[in-house]
Amino acid sequence: MTQKPSHRVDPHLVIEKYDPEAELMLMHFGPQHPSTHGVFRMDLFLDGEIIVKAVPHCGYLHRAVEKLCEKLAYVQITPIVDKNDYVAPMTNEQSLVMIFEAMLKLEVPRRARWIRTIFAELQRIASHLLWLGTFSLDLGGALGGGTTVFMYCFRERELILDLFEEVTGARFHYNTHTIGGNRHDLPKGWSQKVLAAMDTIAQRIPEYEAMTTQNRIFQQRTRGVGVLDGELALELGITGPILRASGIDHDLRRDAPFHAYDEVKVNVKTAEGGDCLARAEVRVEEMKESVRLVREMVGAVPEGPINSGKPVKLPVQTKIPVGQTYVGIETPRGELGGWLVADGTQFPYRLKIRPPSLHAVSALPYLLPGQTVSDAIAILGSLDPIMGEVDR
Amino acid sequence: MAVNEEPKAALATASRTHTSDDAGHFQHPLYQVTLQTPGLSVGTAVFDDLMTWGLKNALWMFPMATSCCGIEFMAGAASRVDMDRMGVIIRATPRHADVMVVAGTITTKMAPRVLKLWEQMPEPKWCIAMGSCAISGDFYRNLYSVVPGIDTFLPVDVYVPGCPPNPEALMAGMIKLQEKISLQRTGKFVTPEVKPELLKITNPSVPRLNDPARRPEQNHEQELSADSPTVDEATAPLEVAAEGPAPELSPLTSPDFEGLLKELGIAELPKDGPPIIPLEQHLALARKLKSLGYRQLVTIAATHWLAGKGRKGADEAEPEHFEIAYALRTVGMGSRVAAWAVRVKAGQPVLTLSGIFAGADWQEREQYDLLGVTFAGHPDLRRLMLTENYVGHPLRREFPADAHWAPWR
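Line order of the protein sequences matches chains L and H.
Under the numbering used here, the first residue of the first sequence carries the number 1, and numbering increases by one thereafter.
Under the numbering used here, the first residue of the second sequence carries the number 1001, and numbering increases by one thereafter.
Note that these hints are calculated values from the structure, not bench results.
Heads up, some of the hints might be wrong.
Stated by the list, open to error - According to the in silico footprint, chain L covers these stretches of chain H (three or more CB under 8 Å from chain L):
1. 1071-1080
2. 1169-1175
3. 1355-1361
Note that this is a predicted model, so its numbers are computed, not measured.
The C-beta atom is built at its ideal place from N, Cα and C for all residues, glycine as well.
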């Protein structure tokens, strides 16, 4: 138990032992506060304005997805998991169908893998844009109301949603991935539109940098705030940009390639600071990298079929043999995976979804003590939690 | 007399166009005075119209945005759709707002808060249900934690269907609400009423942080007294290891997971799932793996097997049990996952992994909450997702998927 380094914050601090003289104030933060990115609540014990202990409460959006999956046939689950991480539904679907494909030992056609890769990278840009906009809104007054960056980011995000809408017919909640491939092929002339959108975004990312990560006010608000130690991040199971901002060079796109990532070179961006600024910088750099990947790949999508699964007439025709497996992929927020227990029927016996956001939020009791209340909002925002995924 | 009757008749017709009341029905001295004073009711009618115009063109919105629809709500407020031009300002406090937009699924844990926020809004106020979850609960409607439609406890004025509705659809809903407000002033529309018996949904649980019953040491004592020999045996090495030096972490080693398993007497990996480790070896294995480079906690997943069922299929001799699977990952190039499982009877505790991997804290709380698996030595074993006063563990197989017993049914 004492293996924990001594400098680590004790998340289970007993308040009576803190300082009997100090008059602590209990402040409820959330669950309807707009900067909680949905519905998330924390009980903050304050000594003056300094947080002594933070007790997060989640479950305000617990929609019983895992129970629902147990009573649905395998092919019916894809639209359900769309709603878990509603900022990046594409990667949600991909992670789910990849578990089923691994269990069925299905080979996905090369064209489908390339399309999935392009979708995942476009989704990463859209997700990070939304994060940058809302994070600037969280920091609020320091950025002249913060609404400017929010408006700009949403303008560019709509470009990507339009591209997805053209392929799948939906702005989000696409339901475009099936077991063994994709449902929708790329329409004619789509790649030109993608390239045009990428040109616009590539041109505007430096503008965002000037407004955020290179802005002196933004830097003062975020530098040295919420420093997350890399070793603690690994223990907590934190993945994705947050882990990379703590100096750990780990990205499943490069380290355990899925889709078509083994055919392209992914440059992994890391930062050493581990603070809110480092997390922002990593995400902006990742957007640039995703733009590069999409530009490189969209013109070179190989020809061929997009689905190798046998067409099914009834949902209950897809059965998965007895077994258990875990498959995880890199989404904009980190490693999203699922532990599937199959019992040979057409329904999953148990499907545990491994959400990156839940692990990210579990860092809050370690990050918040010693910070002020205004920094708490910056720290929570920089973790980029999506409550649908935390609570499921 | 004829001179006097004429303006009276004109006033009566004028008042009828603006109120639904019959002149004789409503008895108030001041009302009679307004009817008898020439020109006054025309003035109030004009004032009424002015009020209506002001109300419907300055709808300040309170976003009760819980999930996916909240993102489309934000897109509606952002640059392309821009609801600002309809006089819609988003105010994140109920005390400044006219319209509550419920965008997203409302769970039983959240519903009392929504109701409280609704009560904090000043009159006149309106409510928009955005998206299928807010309207009916959508495909979550029968599940144990979701409210099947917010109109069970809120008076909804406008429903905006879709999953999620486009921002344009939300805008159409706003226009509908504006039309409705003008009708409300002329008396052609009546505010929807809530069924009072539906208001009594689940009581919010008050967090009692300093409740002595929740002290971790007491939890541990309770579990120790649960009469399980495995805990007593395994607790001792845990304490010894705590005093020793921390294991050296060597990144990117090439660990031999199968070799480790052979030491434990497992010759080959089973094909139908992760290898099952004896309970007393569990912590030692985790510690060894961590020192071999499996530094990242991936997940902890418990499965409930009913009596007569198991991972190999139906077997009558199989008692009811839980299987708890753990997965760890190496960091960096060629990342690999190592997974193992432990098997416990119902009610038998497992030693916590939270001393080795800090992230196991919340993962184990979640499994305890949803499946009722207990973890001995856990520093803070509380429910994570459901309310503290919730009865039962919903991910157990015998728990009904359709919650017909729910209080609002």
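Problem set entry | Contradicted hints - numbers only | 2
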